[in-house]
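Peer 1: Counting in our numbering, the sequence shown runs from 14 upward without gaps.
Keep in mind the hints are simulated off the structure, nothing from the lab.
Please note that the accuracy of each hint is not assured.
[Said to hold, decoys possible] As a list, the in silico PhoX-like pairs of lysine-lysine whose alpha-carbon atoms are at most 25 Å apart:
{"no.": "1", "residue 1": "Lys-90", "residue 2": "Lys-18"}
{"no.": "2", "residue 1": "Lys-127", "residue 2": "Lys-90"}
{"no.": "3", "residue 1": "Lys-36", "residue 2": "Lys-25"}
{"no.": "4", "residue 1": "Lys-36", "residue 2": "Lys-76"}
{"no.": "5", "residue 1": "Lys-140", "residue 2": "Lys-90"}
{"no.": "6", "residue 1": "Lys-127", "residue 2": "Lys-25"}
{"no.": "7", "residue 1": "Lys-18", "residue 2": "Lys-36"}
{"no.": "8", "residue 1": "Lys-76", "residue 2": "Lys-127"}
{"no.": "9", "residue 1": "Lys-92", "residue 2": "Lys-140"}
{"no.": "10", "residue 1": "Lys-78", "residue 2": "Lys-25"}
Values in this document were obtained by computation on a predicted structure and should not be read as measured data.
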Amino acid sequence: MDQIKNQQVREKFNSYPAPIREKMLALRQLVLEVADAPLEETLKWGEPSYLCPQGSTVRMDAKPKQPGQYALYFNCKSKLVDTFRELYADRFHFEGNRAIVFQLNDTPDTVALKHCIFLSLNYHKLKHLPLLGA
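Can you build the whole structure from these sequences, using the hints too?
Peer 2: Next comes the structure, spelled out in structure tokens:
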């Protein structure tokens, strides 16, 4: 597991309950594995966020009002979640046009999830293609 260099991000991860933190750190690791360009890891709207020059920001969080649930968030003005729904409706649960939502006991399809992360981190290169080139 790659060390979290940004102190605010590290503190945010440490604030999650242990079972959620483990799942969130696994999501973080997938983002780091998929990135084919340097990422900026920061807090955006108080959520761990991953920015890439050629892509759209990927954020993640677990909300106290929804215990046992965590999510990956995407730009709601993009075609990302609509594309993910088209490709992976049978594998993920979606929240509107902004998130893939997981329950604590879910075992996410990591191949499909990595593909979604890749599409987001490369969005500006792919947004003109049907289904983002998928």
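Peer 1: Can you confirm whether the C-alpha distance between Lys-78 and Lys-25 stays at or below 25 Å?
Peer 2: Status holds; Cα separation ~16 Å.
Peer 1: If you draw a straight line from the CA of Lys-140 to the CA of Lys-90, is it 25 Å or shorter?
Peer 2: Judged against 25 Å, a Cα distance of about 12 Å means the pair holds.
Peer 1: Are the Cα positions of Lys-127 and Lys-90 separated by 25 Å at most?
Peer 2: Cα-Cα ~21 Å, so holds.
Peer 1: Within 25 Å, alpha carbon to alpha carbon, are Lys-127 and Lys-25?
Peer 2: 23 Å, holds
Peer 1: Please verify whether Lys-90 and Lys-18 have alpha carbons no more than 25 Å apart.
Peer 2: 30 Å, violated
Peer 1: Straight-line Cα separation of Lys-18 and Lys-36 no greater than 25 Å?
Peer 2: 19 Å, holds
Peer 1: Hey, Lys-36 versus Lys-76, does the alpha-carbon distance stay inside 25 Å?
Peer 2: Between Lys-36 and Lys-76 the Cα gap is close to 14 Å, so the pair holds against 25 Å.
Peer 1: Tell me if the straight-line CA distance from Lys-92 to Lys-140 falls inside 25 Å.
Peer 2: The hint holds at about 7 Å.
Peer 1: Does the structure keep Lys-36 and Lys-25 at a Cα separation of 25 Å or less?
Peer 2: Given that 25 Å is the threshold and the Cα spacing comes to 14 Å, the pair holds.
Peer 1: Compare the distance between the alpha carbons of Lys-76 and Lys-127 with 25 Å, and conclude whether the hinted pair is satisfied.
Peer 2: 23 Å, holds
In summary, the one numbered hint that this structure violates is 1.
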